[in-house]
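Trainee: One letter stands for each residue in the lines below.
There are 2 protein chains.
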Amino acid sequence: MSRYQAPLEDINFTLTHIAGLEDVAKLNGFQHADPTTVEGILEEAGRFFSEVIAPLNRVGDKQGSTLGDGGVVTPDGFKDAYAKYVESGWASVHFPEEWSGGGLPYTVGIVIQEMFKTANMAFSLCTMLTQGAADAIIEHGTPEQHGIYLDKLATGEWSGTMNLTEPQAGSDLGALRTRAERQDDGTYRIYGTKIFITWGDQDLTENVIHLVLARTPDAPAGTRGISMFIVPKFVPDTEGNPGERNDIKIVSLEHKLGIHASPTCVVSFGDAGEGAVGYLLGEEQKGMRNMFTMMNIARIGVGLEGLAITEAAYQQSRDFARDRVQGRKTGSDSAEEVAIVEHQDVRRMLLTLKAYTQAMRALLYYTAAEADFANHAADQERRKLADDRVAVLTPLVKAWCTDIGVDMASLAIQVHGGMGYIEETGVAQLLRDSRIAPIYEGTNGIQAIDLLTRKLPLEDGVVVKGMISEMESLLGELGSYPELEKFGTELGSALNALSDASDWMLTRLSNKDIDDALAGATPYLELFASVVSGWLVARGAVAALSSTDRDSRFNTDWVNTARFYGEHLLPQTTGLLPTIKGGASLLQNAIL
Amino acid sequence: MSRYQAPLEDINFTLTHIAGLEDVAKLNGFQHADPTTVEGILEEAGRFFSEVIAPLNRVGDKQGSTLGDGGVVTPDGFKDAYAKYVESGWASVHFPEEWSGGGLPYTVGIVIQEMFKTANMAFSLCTMLTQGAADAIIEHGTPEQHGIYLDKLATGEWSGTMNLTEPQAGSDLGALRTRAERQDDGTYRIYGTKIFITWGDQDLTENVIHLVLARTPDAPAGTRGISMFIVPKFVPDTEGNPGERNDIKIVSLEHKLGIHASPTCVVSFGDAGEGAVGYLLGEEQKGMRNMFTMMNIARIGVGLEGLAITEAAYQQSRDFARDRVQGRKTGSDSAEEVAIVEHQDVRRMLLTLKAYTQAMRALLYYTAAEADFANHAADQERRKLADDRVAVLTPLVKAWCTDIGVDMASLAIQVHGGMGYIEETGVAQLLRDSRIAPIYEGTNGIQAIDLLTRKLPLEDGVVVKGMISEMESLLGELGSYPELEKFGTELGSALNALSDASDWMLTRLSNKDIDDALAGATPYLELFASVVSGWLVARGAVAALSSTDRDSRFNTDWVNTARFYGEHLLPQTTGLLPTIKGGASLLQNAIL
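For the protein sequence lines, the chains are Z and W, in the order given.
Everything in the first sequence is counted per this note's numbering, starting at 162 for the first residue and increasing by one.
Everything in the second sequence is counted per this note's numbering, starting at 162 for the first residue and increasing by one.
These aren't lab readings, by the way, just hints derived from the structure by calculation.
Where a beta carbon is used, it is the ideal one built from N, C-alpha and C, also for glycine.
Be aware that a few hints might be false.
[To be verified] Ranges of calculated distance between the beta carbons of each label pair, as one might list FRET restraints:
#	chain 1	residue 1	chain 2	residue 2	range
1	Z	E248	W	G492	25 to 35 Å
2	Z	D241	W	R615	53 to 63 Å
3	Z	I752	W	N536	48 to 58 Å
[Claimed, not checked] Below are the DSS-like pairs computed for lysine-lysine, each with C-alpha atoms no more than 27 Å apart in a straight line:
#	chain 1	residue 1	chain 2	residue 2
4	Z	K490	W	K240
5	Z	K673	W	K647
6	W	K223	W	K240
7	W	K673	Z	K742
8	W	K626	Z	K673
9	Z	K647	Z	K626
10	Z	K647	W	K742
11	W	K187	Z	K647
12	W	K647	Z	K742
13	Z	K447	W	K490
14	W	K673	W	K626
15	Z	K223	W	K223
16	W	K545	W	K626
17	Z	K490	W	K673
18	W	K447	Z	K490
[What the hints assert, rightly or not] Partner residues aside, some chain W positions facing chain Z, computed with beta carbon under 8 Å:
#	residue
19	V213
20	P216
21	D333
22	D494
23	V499
24	R509
25	Q575
26	T604
27	G649
28	E651
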């Protein structure tokens, strides 16, 4: 099994030419994120994740995290590696400097996250949730809460969790029953059991800060009645140091298909009788709003897992295919056996893997840059535009990248043939790990419904239509590069299909034909994401072709890969139009 | 986890209206396979596999087969269940009566296999390989070999294996090194190590008959120099009873992603020094021909696994979705929570699963029926036609069904949400088990090359063009049923795409543009298989609509499911045309 190497050239190209890092660095507060500094940071990060984190991926899978008497025990080597991660400051790169952060844009932070996830997806989840918890406390916490929790969470000295799901409340959080009782001193007591709590406990940090959704006694039913609480494993004392142990019990860990190193906990609050001590975060009954602060960033983080798995799958498959000698070249007269990377069908698989990493990376970094504009642009209109874009892009990123991640992990097994099916080879783990990403942080079906029913109707469809117009405006430019003519034609067809599908959906929504619209939500999302990624990749190809070193080995290959996406992969999604517009009648009539 | 129930109504419908069981039963030797008798047999078989075999699927996965001092130990319950399987005669249903078989058509045998695979894929592999070994001995063995081995293999009293792969010889068997030295008594001594030997040993039967590919000392290099040998675990004595133990050692078992109950062995022959005793099967240096006797049937058997996994995935997902209450119906005013089977996106997933079982079953049973015609039709021309059809259909069945099997197992996890990722739920096992099928018995890439370079050129393309013409002739009929008009339009477009792609490929082949053709082989296969399945499903829909009970609950639903395949799923494959015809240049220029 080859070890992860950060694809720095591709990362830097995408940051520069697709995410527009230079413009992001001009935003207030990010002035030191100039491309040269960022390149240096990323090179160092690449070394760290390759050398310190990646080697723990297989042991993490084999041993898994286990439940001991004192709580969760992580696999061999995790504790030491985590300490190095905190010490070297990678946890805090994109947090504000006032909270011990590195003050770099999210656009750069996402690359660090990508590296962590590619090196070791299960391990990375601990830090993703910690960052989500920090974001929620930054946004909704009191100055006192900021003081107690933020430094520790931003640096990774403490970890954070999201406690949402209950057995009867999965996709539908409105059904949750965990209750929070207000005490005279303003604190709350929490009672209830949560399931599927990722990294719900561990032995890496001296404290674990649970953010828990619960219902106050007199709250209304459904999601409106939900509040969010900070429930620390050890209640901080007056100095902010971990004090008394809270009444939080890890009941059991799940036996999962993958991400074995990530302990998925059943957590019981208030089991001993007096309730777990909790502190309201933000206002009562505004828990869902807080949750979406964490969730939106987490959704992009989960989308990143699709890229990460595909990057790992590509690297391992490519290295295997270069080494594995098998068969003569079909149609060749030579009796000499060749490495399988010479066979066309293997090249097709590898280039598919590579093209999807390129397309997903484009989509993700672009989304991250828009998020930076949404939060930091001086101009309010630019903020609004970016904010709307991120709203539309988030479900695309989450669902499309994670679906592709599963498919590409599976394809990587195929490249390996029989060896791929043997656990020691390591690609089977990628498939097992990848399969959670379309499920958690809102299933991909929920993402499709979110896109259709909340994002497409933004400003009566003007946000989406504006994106389509902007994408269409690239077509002329593509036509002026002979290499991109075919890409342009295919992107044009795909844009027509997207435009047609969007109009069809908007009409159904305004006619209240909600079932007909919902029936096509998932393929609509797939088409939408494929087209946006195609547009971004085409922009990258234009940038490569118009650069002064357009004939460099890297740029030539980047354009070649882009063309494979545009000419071979993108056209496949136009076949989705009949099912997008197929309506609900066959679904409703089916006996299921 | 719900237990497998054989979908008898759908099976019988497909046998009757798509495979044409009535005509198969008119073939010489199959006169007692009248539909009523067959229905009775299948009902009984369904009960057996549901009650005896299915309950062992999970324990087989958890315990796996293990290697003890005396050889492989199967999971709890397997030995007893296997004895019942042999005793009740299910192993021998489609073998000729002269070899203790049931004398039923392969068209019926394949349904028994489907049930076994759906109930317990890992377990079923033992019997699939045994049947392949029996087929090879029927076809190529001497009367003496027939006498010694066939009764025992056909009934399942003994098991058979295929020993092909070596570390350096996977897809390319020409590279194999195992050697066979002829002795004065006409027997051979075998020396060498084989890997990936499915059910290479077990504790279920009193003997294991290995069919081993090996090279005689003076044989030419490559596949032409390969011979096949019968190498029994216990050398039969003069009475045909298991005698002395042969020099065959099970070195180790692989740790695999799935099919844990199936022991995948490293087998060493002649380790003790004097070689394992082997008997030539057929002629020296005709081993590849023998192998294809086993392999072609085994490829259809592996294709069946795609259907089996999807059927199991569908049944489990449907039952889960009916039970799991979560969320209100989107767009509904009612606060009442509903079972998730009510949500459109869940219905889409379930109907996709269901439609693919219908389409794969149609393709498989039709292929089996053609195989019966190829072997038993009185008319030589009909035999030839059927034989050519089976040649074209075999790679379609193997590759398309197994690829879909993986995708559908993955989709079933998605229907389950978080519960799907927990091993105890059982659907994760389906994904793990499914993933081997695109690899073994010739990777799906090899299938695509086989279709393109050997099957498409049969009779200069006339075989394939004949199939396309026959499919086109259905279009008029579809137009006469209003319900099938849209299906007809989509099938027409897909047929045009297939015709276009086939012409393009034939031109490349005749121009020796072999790389351009190979670059599109995999998507060409996908398009081809989708269209043939669409045609068969459309035939089924016509049969349902023209039957006297066209408005029965079953027929109405069959047509509804067929339409979902034709109107929603089939059109997606027409988007493959650009990549089929995209040529090799981007693949060749890629830096991989």
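Trainee: Confirm or reject each hint.
Mentor: Outcome of the hint check:
1. E248/Z x G492/W: 25 to 35 Å: With Cβ atoms ~52 Å apart, the hint is violated.
2. D241/Z x R615/W: 53 to 63 Å: Between D241/Z and R615/W, where Cβ atoms are some 56 Å apart, the hint holds.
3. I752/Z x N536/W: 48 to 58 Å: violated, 37 Å
4. K490/Z x K240/W: Violated. K490/Z to K240/W sits at ~45 Å, over the 27 Å cutoff.
5. K673/Z x K647/W: holds, 25 Å
6. K223/W x K240/W: Given pair K223/W, K240/W holds - Cα atoms ~16 Å apart, limit 27 Å.
7. K673/W x K742/Z: violated, 42 Å
8. K626/W x K673/Z: Violated: K626/W and K673/Z sit about 47 Å apart, past 27 Å.
9. K647/Z x K626/Z: holds, 24 Å
10. K647/Z x K742/W: It holds: about 13 Å lies between the C-alpha atoms, which stays within 27 Å.
11. K187/W x K647/Z: Between K187/W and K647/Z the Cα gap is close to 55 Å, so the pair fails against 27 Å, i.e. violated.
12. K647/W x K742/Z: holds, 13 Å
13. K447/Z x K490/W: Distance ~24 Å between K447/Z and K490/W Cα, so the pair holds.
14. K673/W x K626/W: holds, 20 Å
15. K223/Z x K223/W: Within the cut-off at roughly 15 Å; holds.
16. K545/W x K626/W: holds, 15 Å
17. K490/Z x K673/W: holds, 14 Å
18. K447/W x K490/Z: holds, 24 Å
19. V213: violated, 27 Å
20. P216: With a minimum Cβ separation of about 20 Å from chain Z (threshold 8 Å), the hint on P216/W is violated.
21. D333: It holds, given that the least Cβ distance between D333/W and chain Z is near 4 Å, below 8 Å.
22. D494: With a minimum Cβ separation of about 12 Å from chain Z (threshold 8 Å), the hint on D494/W is violated.
23. V499: violated, 10 Å
24. R509: holds, 6 Å
25. Q575: holds, 6 Å
26. T604: holds, 6 Å
27. G649: Interface hint status for G649/W: violated (13 Å vs cutoff 8 Å).
28. E651: holds, 7 Å
Taken one by one, the earlier hints fail for this structure at numbers 1, 3, 4, 7, 8, 11, 19, 20, 22, 23, 27, listed in ascending order.
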